[in-house]
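A.B. asks: Sequence:
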Amino acid sequence: MAPPVAVAAVALAVLVADLFVPAARKPLLGYGAVAGLVAALALVIPLHEGDRSTFCLTTGTRACSYTADHFTLVIQALVLGGALLTALLSIGDTRKLPAGEFWFLLLSSAAGAALLPAARDLATLVVALEVASLPAFALVGIKRGDRRSSEAALKFFLSSVVATAVMLLGVSFVYAATGTLHLTEIATRLDDVPGQLSTLAQAGVALTLVGFAFKTAAAPFHFWVPDTYVGAPLPIAAYLSVVGKAVGFSGLILVTVVAFPSYAEVWGPALAVLAALTMTVGNVAALRQSATRARSAVRLLAWSSVAQAGYLLVPIAAAAYAGGRQTGSTVAYALMYAVVNLGAFAVAALVARTRPGNRLADYRGLYATRPLAALAMGFFLLCLAGLPPGIIGLFAKVTVFSAAVDAGLGWLAVVMAVNVVIALYYYLQWTAALFRAPAEDGTEQPATRHRTPAPLTVAIILTAVAGVALSGAPQTVLRFAGVDLF
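Under the working numbering, the first residue of the sequence shown carries the number 2, and numbering increases by one thereafter.
Source of the hints: derived by calculation from the structure; they are not laboratory data.
It is possible that part of the hints are untrue.
Said to hold, decoys possible - 30 Å max Cα-Cα, derived DSS-like pairs, lysine-lysine:
1) 144 to 27
2) 156 to 97
3) 144 to 156
4) 144 to 97
5) 97 to 27
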């Protein structure tokens with residue numbers, strides 16, 4: 002349990018230290034948070050030697066509440082790495098924010114996110130999900146006095162609370178029908194539910210999935226995403242797009258593949274339809290973004306995030322037809338997406354320092370003033386599009402496509418192929434703008450170059466190097482995620 006416990010301990014230490022650290026030394030809290038996340042990541046490494054479990058029943062069923070297996074460790078590495086990059090983006094960008102509260106909330110949310118993939122009972126799963134989510138509400142609205150930030154936090158909070166209430170109702174139905182909260186025990190008992198409780202069990206399964214559909218931003222439960230991303234501080238939008246999504250998908254994998262395999266004929270088709278709807282809604286909305294609209298770059302990344310959620314849902318739907326091994330494709334895609342999407346947000350944070358409007362038009366001619374940032378942004382966008390030299394993005398999409406085909410979901414593979422082509426338009430349009438000549442009237446010319454904070458530079462370099470390395474050896478991330486494509 003060391004990784005989530007370490008993050009929680011550092012969160013408490015930062016909160017207490019904030020009481021005694023003078024205002025001029027507040028940046029030290031950020032570096033303390035970064036150090037804590039690095040330590041938590043290091044604590045994941047010794048656990049790779051084998052599966053470990055704790056908080057187990059003593060009745061001989063060997064049902065446990067916390068398990069550190071390969072799936073857990075991969076998601077914990079993703080979550081803690083995403084939180085670390087978010088912290089690097091935030092250092093120097095929190096000058097007008099309450100530092101102690103910001104770092105405490107970020108670390109608390111990361112602790113809950115690291116706990117969730119290890120949860121093996123519904124109670125721990127729900128608690129971890131809420132520990133990850135509740136601080137996120139405050140982080141979205143932490144820009145005091147900003148109407149857009151407060152509105153985004155309120156929308157996020159209200160919609161999330163409704164989804165959580167629905168999910169808790171579903172969990173209570175499942176518990177009433179099976180008499181247990183442990184996922185493996187639920188899977189066993191759902192095979193033999195008494196006739197008078199079968200409808201209750203089916204309703205519980207459906208309502209539980211609705212809650213996780215919201216957390217993954219699956220359509221039609223995606224409506225909170227664009228306004229929340231635009232209103233939140235940019236590093237928090239990046240955090241939600243990666244860590245928040247990883248939390249939702251890991252929870253969805255656990256409840257579907259581990260707890261509800263008996264109802265695969267129910268959740269399999271439902272998730273397939275949700276996947277098709279989500280990727281289509283996200284890509285069509287991204288196409289409609291105007292280059293001159295304020296914060297259109299963040300909105301496009303938000304709608305792109307919705308579309309990517311659709312791709313991530315495909316292997317989970319395929320698992321209903323071809324077994325749980327298909328979910329490795331979701332994990333592989335999530336790892337690729339985390340690296341390149343955080344990199345795109347890092348470059349967006351760099352541009353926002355001189356162009357706070359963060360319009361798509363502000364990126365025109367970026368190569369003239371910041372060639373390395375423009376090259377990095379172009380690479381990240383090509384990875385998201387699945388085009389060379391972003392080989393890792395191409396391989397991740399191939400694994401998802403293969404999962405759909407192997408499961409007999411040919412129609413879903415066709416829908417995905419069409420959506421990949423649609424997404425090429427806006428990704429390539431943005432990429433081309435980076436290398437165009439600035440507008441002659443100066444209205445679209447990027448601002449003059451200013452000094453970039455070192456942590457922000459480190460975040461861009463780390464994500465770019467990781468993306469290039471993975472593109473050179475894509476089999477590394479695939480094998481790490483448990484996908485045998487070759």
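A.B. asks: Checking each numbered hint in turn, tell me which of them this model violates, lowest number first.
C.D. replies: none
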